[in-house]
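K.L.:
First to last, the sequence lines map onto chains Y and Z. Mapping of the first sequence onto my numbering: position 155 corresponds to residue 155, and the numbering continues sequentially without gaps. Mapping of the second sequence onto my numbering: position 660 corresponds to residue 660, and the numbering continues sequentially without gaps.
It is worth saying that the hints were derived from the structure and are not from the lab. Cβ atoms here follow ideal geometry from the backbone N, Cα and C, with glycine treated the same way. Any given hint might turn out to be false.
[As the list claims (entries may be wrong)] For the chain Z half of the interface with chain Y, some residues (derived, Cβ under 10 Å), not all of them:
1) W276
2) E338
3) F365
4) G370
5) S377
6) V380
7) G388
8) P390
9) Y391
10) P451
11) Q519
12) T523
13) G527
14) P573
15) L574
16) A575
[Said to hold, decoys possible] Pairs of lysine to any residue, SDA-like flavour, derived with a Cα cap of 20 Å:
17) K394(Z) / G448(Z)
18) K533(Z) / E111(Y)
19) K526(Z) / G28(Y)
20) K531(Z) / A3(Y)
21) K49(Y) / P335(Z)
22) K531(Z) / H72(Y)
23) K526(Z) / E549(Z)
24) K526(Z) / H72(Y)
25) K526(Z) / L75(Y)
26) K93(Y) / K533(Z)
27) K394(Z) / T73(Y)
28) K394(Z) / D532(Z)
29) K93(Y) / K526(Z)
30) K49(Y) / H382(Z)
31) K2(Y) / K545(Z)
32) K2(Y) / G341(Z)
33) K394(Z) / K93(Y)
34) K70(Z) / G199(Z)
35) K2(Y) / G199(Z)
36) K394(Z) / G28(Y)
37) K526(Z) / N33(Y)
38) K83(Y) / G28(Y)
39) K526(Z) / G538(Z)
40) K49(Y) / E378(Z)
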Amino acid sequence: MKAQTRNRLIALGALVVAGAGLAFIALGNMGENLVYYWTPSEMVSQGEKAYSATIRLGGLVKKGSIQWNPEHTQLSFRVADNKDDAAQSVLVKTSEIPPQMFREGIGVVVEGTYDRSGVFSSSRLMVNHSNEYRPPKAGEHDDWKKSVADTTGTR
Amino acid sequence: MSHSDFGYGLVLAGLAFAAFGAVVGLTSGLMRREAGAVWARRAVYGFFACMIGANLTMIHALVTHDFSVKYVAQVGSRATPVLYTVVSLWSALEGSILFWGAIMASYVLAFTLVHRKEHPRYMSLAMGTMLSVGVFFAFLIAGPANPFGTLPNPPADGPGPNALLQNHALMIIHPPMLYMGYVGMVVPFGVAVAGLLRGEIGEAWMTPLRRWTMVAWTFLSVGIILGAWWAYAVLGWGGYWAWDPVENASFLPWLTATAFMHSTMVLERKRMLKLWTLSLALVTFWLTIVGTFMTRSGIFNSVHSFTQSDIGPTFLVFIGMLAVFSIALLAIRGPVLEAEGRIQSLFSRDTSILLNNLLMVAITFTVFIGTVFPLISEAVQHRRVSVGEPYFNKMAVPPGLAVLFLMGVGPMLPWGTPDRQRVVRQFLLPGGAALVTVVACLLFGLTGFLPLLTFACAAFAGVITLRELFLPAATRMREKQENVVTAVFQSAAKARRRFGGYIVHLGIIVIFVAVAASQSYVTHVKGTVTKDKPLSIGGYTLRFKGLSEGQEPHRRFITANLEVTTPSGKVEPLAPRMNYYERSTDPIGTPAVRSVAYEDLYVSLLAFSPENGGQATFNTWIFPMVGWIWWSIPMLVLGSLIALWPSRRRAVATSTSSAPPLSEEAAPAAQKGAA
């Protein structure tokens, strides 16, 4: 074996060992920082495991569940699997401010943790941008038109 | 003839040109026949003409609203302004792959024209390799991602491009920059493969390898930074980098390309690290293809992946083939490349560049693992996870700081064996600067281990870089009695690559400092304002003056009118807004940013309502120094331009053969010795 080939094999071996070590460290660190994507029913069915994890809970905002206290920026609502009234849902509490398009029935993803009292505490609230581009239905813009009319008048 | 037929015909012709050129170029190159180069070159011209023609056809179809073309029906709309109509060429999957093809063809053409006098065997192999990649992309455009499909019953109007893309002018220049960076790596790939196939990396062949990488690297850097700026200016979540898979996809090849450009210096100086350098060139290209796949196949569920299509399998096959081919090529031809030099000292520039290379590859590796892990987890364990930002910060920040430190160490140390006393003497000033920086920060009440370490390393590397930049000029001023401007200009002209490179280094140091400051010393307040209840953040006070509405050609908007009292007592208006697009049901916010040199006040409108006489809710941040991230772009571009500026003398030298470009590196060291 030529000296250069031997050196290269040694270098390759060293790189592989270093890479394996790095991968080991990386995977170890990853375990602590994994974020699980679950729907309400998936999360509830995880049992114990759900209580220690960082979770992105995705679903629809349940009808009639939104409670918003602007004084203390306390928002609570239920995230449900689907539009069905009987669908599994989870109570979410957050100090995030509901964005403009936040409303009943809209798709949301909340990031946070689930505790044993059955409350999902969220530090991040994301509203799904609908990926379909369709013209707004008649009346869909009414609310903001009205709100502008009301506030510009009082300026 | 319809747009569809004409455009599709051009794509097929382009595919034929690419296939022909690839076969002719590679076979004639491998069989040592020189006649093939002419034909490969003609195939490049044909490929270029077809790809540009196909893109122009699509643009024409878009502008004339020919909704019988599927892609136009998908992204076009009569209400969209012409500029955004043209831009929608790359606003969705099929069009962006078509655009890819045009950029790629332009790069191959530029390479062919610039180096046409190069050795025909090299050129045949290089053109053949690049056209093989062209075959893949032309096939993709002709088949799985065909934008020229027809609709039997064309609609009267289309939905228009994604509203997020129409929301900010940055979206017009950010994707082309990024593509020019990605696609440009095809040239160094072709050059490296040609060198490997031939079994030698001559002096003459290193120059195009390095310079074309630098061209693509500059575009890629600008593209990445503009992307961060766009996220900051449009998305309204108050950040610019989230380790999103799409961001990572652009960062990975950037890292390996950066490592590559540095290892070429060792290769040129010491005639070693040949195999390593070429591996980096191949890996970089592979990562750009993986990145395109990640961005364009919609495989990740991220904000960017608004496109879904069946190009995934085709891409995966190509990625696999590319990996097998590259590894096989390196294994088979590697033994031919012999190292002629070796590292003599641990405290030399060679060692520090090698260390920096290893660190950058390590960052690439861990970021790559974190990026693809969710895919593997979903495929194997059927669970959907994502890897959180803390992982990436933990894995990338410490080695990143080591890279910053070595950015100072490398230029400070000489090549080969250093003189110990001189190294100590050289170290005193920058070391002192780092210490003073830390003390000054503490006196100003700035704390935190990581940011202070970053500032210290930045001061260290910054002082060394400035010294390397201007010491030659200072010497000239003393010895030749030149004035400042002449001395700087002359010393820069004498060592363009060095001078340009150090300006780029300064830009990178600025980015490090800006990122550290804006991440570590951020202030965040959210709250609701009414006419009587202002909001305070830092030294700023925001007073609510009511809502107003407005109209632009493609959107309506609601503005929350604010009056800001700055810490210095100035009163200024600020108007974050919410945009409503004709064709989109969801509003998209535009945050308002008040920038001064040292900090940004960032106000994002979350919600508004007419209750209590009008109120609005905001997310507000103060980001120290964040603007410097994007203001570094001119430095990066200027540095790259200086380094790339063609020198007449060198152009002759490369085509004839091997005048080693060592003189420019040696000169400043000698001057320093004299000083």
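K.L.:
Please go over all the hints and tell whether each is borne out by the structure.
P.N.:
Now the hints, each set against the structure:
Given hint, W276(Z) at the interface with chain Y, holds; its Cβ is 8 Å from that chain's nearest Cβ, closer than 10 Å. The interface hint given for E338(Z) holds, since its Cβ lies 6 Å from the closest Cβ of chain Y, which is under the 10 Å cut-off. For F365(Z), the interface hint holds, since its Cβ comes within 10 Å of a Cβ in chain Y; the closest pair sits about 6 Å apart. Checking G370(Z) against chain Y: minimum C-beta separation of about 6 Å stays under 10 Å; hint holds.
Taken as an interface hint, S377(Z) checks out: its beta carbon lies about 8 Å from the nearest beta carbon of chain Y, inside 10 Å. A least Cβ separation of about 14 Å between V380(Z) and chain Y goes past the 10 Å threshold, and the interface hint is therefore violated. Taking 10 Å as the C-beta cut-off, the interface hint given for G388(Z) holds, the closest approach to chain Y being about 4 Å. Nearest Cβ of chain Y to the Cβ of P390(Z): about 5 Å, under the 10 Å cut. The hint holds.
Proximity of Y391(Z) to chain Y holds as hinted, the smallest CB-CB distance being about 4 Å (cut-off 10 Å). Contact between P451(Z) and chain Y, as hinted, is not supported at the beta carbon level, the nearest pair being about 21 Å apart and thus beyond 10 Å. With a least beta-carbon distance of about 17 Å to chain Y, the hint placing Q519(Z) at the interface is violated under the 10 Å criterion. Residue-level restraint check for T523(Z) is violated (minimum Cβ-Cβ distance to chain Y is 17 Å; threshold 10 Å).
For G527(Z), the suggested interface contact is upheld, since its CB lies about 7 Å from the closest CB of chain Y, less than 10 Å. Because the smallest distance between the Cβ of P573(Z) and any Cβ of chain Y comes to about 14 Å, over 10 Å, the interface hint for this residue is violated. Of the supplied interface hints, the one on L574(Z) is violated, with its beta-carbon coming no nearer than about 16 Å to a beta-carbon of chain Y, more than 10 Å. Using the Cβ-Cβ criterion of 10 Å, the hint placing A575(Z) at the interface with chain Y is not satisfied: the shortest such distance is roughly 14 Å.
Proposed proximity of K394(Z) and G448(Z) is supported: the alpha carbons are some 16 Å apart, at most 20 Å. In summary, the hint linking K533(Z) to E111(Y) is not supported, as the alpha carbons are separated by about 30 Å, beyond the 20 Å threshold. With a C-alpha separation of about 35 Å, the suggested pairing of K526(Z) with G28(Y) is violated against the 20 Å cut-off. Between K531(Z) and A3(Y), the direct Cα distance comes to roughly 80 Å. Violation of the 20 Å bound is thereby established for this hinted pair.
With a C-alpha separation of about 52 Å, the suggested pair K49(Y) and P335(Z) falls outside the 20 Å cut-off, and the hint is violated. Taking the CA atoms of K531(Z) and H72(Y), the gap is near 18 Å; set against the 20 Å cutoff, the hint holds. For the suggested pair K526(Z) and E549(Z), the alpha carbons sit about 23 Å apart, so the restraint of at most 20 Å is broken. Proximity of K526(Z) to H72(Y) is assessed by CA-CA distance (about 11 Å); at most 20 Å being required, the pair is judged to hold.
For the hint linking K526(Z) to L75(Y), the alpha-carbon distance of about 14 Å falls within 20 Å, and the restraint holds. For the proposed pair K93(Y) and K533(Z), the alpha carbon gap of about 25 Å is over 20 Å, so the pair is violated. Restraint check for K394(Z) and T73(Y): not satisfied, since their Cα atoms lie roughly 32 Å apart, outside the 20 Å limit. Proximity of K394(Z) to D532(Z) is assessed by CA-CA distance (about 44 Å); at most 20 Å being required, the pair is judged violated.
Of the pairs offered as hints, the one joining K93(Y) and K526(Z) holds, with about 17 Å between alpha carbons and a cut-off of 20 Å not exceeded. Pair hint K49(Y) plus H382(Z) holds up; C-alpha atoms about 16 Å apart against a cutoff of 20 Å. Of the supplied pair hints, the one linking K2(Y) and K545(Z) is violated, its CA atoms being roughly 80 Å apart against a limit of 20 Å. Proposed proximity of K2(Y) and G341(Z) is supported: the alpha carbons are some 16 Å apart, at most 20 Å.
This hinted pair does not check out: K394(Z) and K93(Y) have alpha carbons roughly 29 Å apart, beyond 20 Å. Between K70(Z) and G199(Z) the alpha-carbon distance is near 47 Å, which puts this suggested pair outside the 20 Å criterion. Between the alpha carbons of K2(Y) and G199(Z) the distance comes to roughly 18 Å, so the proposed pair stays at or under 20 Å and holds. For the hint linking K394(Z) to G28(Y), the alpha-carbon distance of about 12 Å falls within 20 Å, and the restraint holds.
As the CA atoms of K526(Z) and N33(Y) are separated by approximately 26 Å, the hinted pair breaks the 20 Å bound. Among the hinted pairs, K83(Y) with G28(Y) is inconsistent with the structure: their alpha-carbon atoms are about 39 Å apart, more than 20 Å. Taking the CA atoms of K526(Z) and G538(Z), the gap is about 12 Å. The hint holds against a cut of 20 Å. Pair hint K49(Y) plus E378(Z) holds up; C-alpha atoms about 18 Å apart against a cutoff of 20 Å.
Going down the numbered hints, you'll see the structure goes against 6, 10, 11, 12, 14, 15, 16, 18, 19, 20, 21, 23, 26, 27, 28, 31, 33, 34, 37, 38, while the others check out.
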